[in-house]
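**Student:** The lines below spell out each chain.
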Amino acid sequence: AQKVTQAQTEISVVEKEDVTLDCVYETRDTTYYLFWYKQPPSGELVFLIRRNSFDEQNEISGRYSWNFQKSTSSFNFTITASQVVDSAVYFCALPSYQGGKLIFGQGTELSVKP
Amino acid sequence: SQTIHQWPATLVQPVGSPLSLECTVEGTSNPNLYWYRQAAGRGLQLLFYSVGIGQISSEVPQNLSASRPQDRQFILSSKKLLLSDSGFYLCASGGGRGANVLTFGAGSRLTVL
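The listed protein sequences correspond, in order, to chains A and B.
Counting in this note's numbering, the first sequence runs from 1 upward without gaps.
Counting in this note's numbering, the second sequence runs from 1001 upward without gaps.
Calculated from the structure, these hints are not laboratory results.
There may be inaccurate statements among the hints.
[Stated by the list, open to error] Partner residues are not named here, just some residues of chain B that face chain A (Cβ under 10 Å, in silico):
| hint | residue |
| --- | --- |
| 1 | Asn1032 |
| 2 | Gln1038 |
| 3 | Ala1040 |
| 4 | Gly1041 |
| 5 | Arg1042 |
| 6 | Gly1043 |
| 7 | Gln1045 |
| 8 | Pro1061 |
| 9 | Phe1088 |
[Claimed, not checked] Mimicking DSBU-like on lysine-lysine, the simulated pairs with C-alpha atoms at most 35 Å apart in a straight line are:
| hint | chain 1 | residue 1 | chain 2 | residue 2 |
| --- | --- | --- | --- | --- |
| 10 | A | Lys38 | A | Lys70 |
| 11 | A | Lys3 | A | Lys38 |
| 12 | A | Lys16 | A | Lys113 |
| 13 | A | Lys113 | B | Lys1079 |
| 14 | A | Lys16 | A | Lys38 |
| 15 | A | Lys16 | A | Lys3 |
| 16 | B | Lys1079 | A | Lys38 |
| 17 | A | Lys3 | A | Lys113 |
| 18 | A | Lys38 | A | Lys113 |
| 19 | A | Lys113 | A | Lys70 |
| 20 | A | Lys38 | B | Lys1080 |
| 21 | B | Lys1080 | A | Lys3 |
Every value quoted in this text rests on a predicted model; they were computed, and no experiment measured them.
Cβ atoms here follow ideal geometry from the backbone N, Cα and C, with glycine treated the same way.
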């Protein structure tokens, strides 16, 4: 069965701290994609990144970085020098076998305090 | 790039009343379309998806139904709302096996009293 687990339900940090959001997934596919989305207080889900299982190189985009490890089925997301605007719920997701649906984890609510 | 329009943004309805939430998509043709619900807490539950006009797949049995009368129009309906239908409803477009990114609308917040 396919499954995405985000064990951290809530994380609270002080501005400028680094924070890592964990994501563990299960899939039978040998080739697959993984996604991270951000849901700010406004509610709309914003796409952050898509990674192909072939590419295990870490991805860095500004203060954001992603660590994909196929051996442990993990796709963790790190925010460096966090800012108040990073406060949001973050979702990790995996495409389903059918219909192109995305299977989402339960989300991690990140609160960055000034 | 795609743009998803959802309306109404906010809705307060009494139990037993009907519901219609509408979603339209710009910037693409023949998209896969999805309705997700986010109840209290954070989990995103897929309710319906559609791969074409008139083609609807339901993920969970419920009080709601969906229709796709046009290629880029997706409607979520109910004949009689229940308290448990309260939540945040998100329409999404895109998907497809593997790489395609889902683009989400701004959502419709429904409160059933």
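**Student:** Each hint: holds or not?
**Tutor:** How the hints compare with the structure:
{"no.": "1", "hint": "Asn1032", "result": "holds (5 Å)"}
{"no.": "2", "hint": "Gln1038", "result": "holds (8 Å)"}
{"no.": "3", "hint": "Ala1040", "result": "violated (13 Å)"}
{"no.": "4", "hint": "Gly1041", "result": "holds (8 Å)"}
{"no.": "5", "hint": "Arg1042", "result": "holds (4 Å)"}
{"no.": "6", "hint": "Gly1043", "result": "holds (5 Å)"}
{"no.": "7", "hint": "Gln1045", "result": "holds (9 Å)"}
{"no.": "8", "hint": "Pro1061", "result": "violated (17 Å)"}
{"no.": "9", "hint": "Phe1088", "result": "holds (6 Å)"}
{"no.": "10", "hint": "A/Lys38 with A/Lys70", "result": "holds (23 Å)"}
{"no.": "11", "hint": "A/Lys3 with A/Lys38", "result": "holds (19 Å)"}
{"no.": "12", "hint": "A/Lys16 with A/Lys113", "result": "holds (9 Å)"}
{"no.": "13", "hint": "A/Lys113 with B/Lys1079", "result": "violated (44 Å)"}
{"no.": "14", "hint": "A/Lys16 with A/Lys38", "result": "holds (19 Å)"}
{"no.": "15", "hint": "A/Lys16 with A/Lys3", "result": "holds (32 Å)"}
{"no.": "16", "hint": "B/Lys1079 with A/Lys38", "result": "holds (33 Å)"}
{"no.": "17", "hint": "A/Lys3 with A/Lys113", "result": "holds (31 Å)"}
{"no.": "18", "hint": "A/Lys38 with A/Lys113", "result": "holds (18 Å)"}
{"no.": "19", "hint": "A/Lys113 with A/Lys70", "result": "holds (33 Å)"}
{"no.": "20", "hint": "A/Lys38 with B/Lys1080", "result": "holds (33 Å)"}
{"no.": "21", "hint": "B/Lys1080 with A/Lys3", "result": "holds (33 Å)"}
Violated hints for the displayed structure, listed by number in ascending order: 3, 8, 13.
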